[in-house]
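Q: Read off the chains here:
There are 2 protein chains.
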Amino acid sequence: MAKLLQITFAFHGPFGRQMAETFSGLAQSISQEPGLVWKIWTENENALEAGGIYLFEDEKSARAYLEKHAARLKESGITEISAKLFDVNSGLSRITRGPC
Amino acid sequence: MAKLLQITFAFHGPFGRQMAETFSGLAQSISQEPGLVWKIWTENENALEAGGIYLFEDEKSARAYLEKHAARLKESGITEISAKLFDVNSGLSRITRGPC
Numbered sequence: 001m002a003k004l005l006q007i008t009f010a011f012h013g014p015f016g017r018q019m020a021e022t023f024s025g026l027a028q029s030i031s032q033e034p035g036l037v038w039k040i041w042t043e044n045e046n047a048l049e050a051g052g053i054y055l056f057e058d059e060k061s062a063r064a065y066l067e068k069h070a071a072r073l074k075e076s077g078i079t080e081i082s083a084k085l086f087d088v089n090s091g092l093s094r095i096t097r098g099p100c
Numbered sequence: 001m002a003k004l005l006q007i008t009f010a011f012h013g014p015f016g017r018q019m020a021e022t023f024s025g026l027a028q029s030i031s032q033e034p035g036l037v038w039k040i041w042t043e044n045e046n047a048l049e050a051g052g053i054y055l056f057e058d059e060k061s062a063r064a065y066l067e068k069h070a071a072r073l074k075e076s077g078i079t080e081i082s083a084k085l086f087d088v089n090s091g092l093s094r095i096t097r098g099p100c
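Going down the list, the sequences are from chains A and B.
The first sequence runs 1 to 100 under my numbering.
The second sequence runs 1 to 100 under my numbering.
The hints are simulated quantities; they were obtained by calculation from the structure and are not laboratory data.
One thing to keep in mind: the hints can contain errors.
Each computed DSS-like pair below joins lysine-lysine, with the alpha-carbon atoms no more than 25 Å apart [said to hold, decoys possible]:
| hint | chain 1 | residue 1 | chain 2 | residue 2 |
| --- | --- | --- | --- | --- |
| 1 | B | K84 | A | K84 |
| 2 | A | K74 | B | K84 |
| 3 | A | K84 | A | K74 |
| 4 | A | K68 | A | K84 |
| 5 | B | K74 | B | K60 |
| 6 | A | K60 | A | K84 |
| 7 | A | K84 | B | K74 |
| 8 | A | K74 | A | K60 |
| 9 | B | K84 | B | K74 |
Non-contacting residues of chain A with respect to chain B, defined by C-beta distances greater than 12 Å in every case (computed) [claimed, not checked]:
| hint | residue |
| --- | --- |
| 10 | D58 |
| 11 | S61 |
| 12 | A64 |
| 13 | E67 |
| 14 | K68 |
| 15 | A70 |
| 16 | E75 |
| 17 | S76 |
| 18 | T79 |
Predicted model only: the values in this text are computed from it and were never measured.
By construction, the Cβ of each residue, glycine as well, lies at the ideal position given by its N, Cα and C atoms.
Next comes chain A alone, as it looks inside the complex (with noise of 0.2 Å):
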């Protein structure tokens, strides 16, 4: 069953067009991550927070890319990181045109 996963964490920075440069050779490497159906890049400036939310295959698939990204964070001095892992209601979401 596809699962969703919702990262967000305190986040100074960069953003916009020079967070996609820092961060496109990552993002290249996300995309191949075994499971990985998509993922969508948030961030907020005014808020000093940034995240993701990830579509993933399986349950066990989000659980590790979530080991792996969590340690990389940390790695970067990023800490306060909120993760939420949930199923999708797919009834409901069809309904909302929900692309999963």
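Dock chain B against chain A, hints included.
A: Then chain B, alone, in the frame of chain A:
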């Protein structure tokens, strides 16, 4: 600019198919909200949490919806609501097949 709205709250069910039956009318209504591109409905029966990931066409429609939905949730007894608004980093999201 598109805005992503991430809502999470404590939720004691129903989950799964029963959740879909209970809220299908609400989902039909939400699908008509001005500016809504899509909503993914999230649920976690073990953590007793639920929520939604929304993509809106712009910040104005996202904020108008959030005000309306938060009031509706509170009326139904749901008070511990986390709501976060984000920009989407489209350059990075394209690399990771993000549907936005």
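Q: Does each hint hold? Answer for all of them.
A: Verification of the hints:
For the hint pairing B:K84 with A:K84, the CA-to-CA distance comes to about 14 Å; that is within 25 Å, so the pair holds. The hinted pair formed by A:K74 and B:K84 meets the criterion: a straight-line CA distance of about 22 Å does not exceed 25 Å. For a cut-off of 25 Å, the pair hint linking A:K84 to A:K74 stands: about 17 Å separates their Cα positions. Distance check on the hinted pair: A:K68 and A:K84 sit about 15 Å apart at the alpha-carbon level, within 25 Å; holds.
Simply put, B:K74 and B:K60 have alpha-carbon atoms about 21 Å apart, close enough for the 25 Å limit, and the pair holds. Between A:K60 and A:K84 the CA atoms are separated by roughly 14 Å; this keeps the pair inside 25 Å, and the hint holds. For the hint pairing A:K84 with B:K74, the CA-to-CA distance comes to about 22 Å; that is within 25 Å, so the pair holds. For the hint pairing A:K74 with A:K60, the CA-to-CA distance comes to about 21 Å; that is within 25 Å, so the pair holds.
For the hint linking B:K84 to B:K74, the alpha-carbon distance of about 17 Å falls within 25 Å, and the restraint holds. Non-interface call for A:D58 relative to chain B: holds, since the shortest CB-CB distance, roughly 15 Å, exceeds 12 Å. Here A:S61 stays apart from chain B, with its beta-carbon at least about 14 Å from theirs, past the 12 Å limit. Distance check for A:A64 against chain B: the nearest CB is about 16 Å away, which clears 12 Å, and the non-interface claim stands.
In this structure A:E67 is separated from chain B by more than 12 Å, as the shortest Cβ-Cβ distance comes to about 18 Å. For A:K68, the condition that its CB be more than 12 Å from all CB atoms of chain B holds, with the nearest at approximately 15 Å. No Cβ of chain B comes within 12 Å of the Cβ of A:A70; the nearest lies about 17 Å off, and the non-interface call holds. Every Cβ of chain B is farther than 12 Å from the Cβ of A:E75; the closest lies at roughly 19 Å, confirming the non-interface assignment.
Its beta-carbon lying about 16 Å from the closest one in chain B, A:S76 satisfies the requirement of being farther than 12 Å from that chain. Separation of A:T79 from chain B is adequate, the least Cβ-Cβ distance of about 18 Å exceeding the 12 Å criterion.
The earlier numbered hints are all upheld by this structure, with none contradicted.
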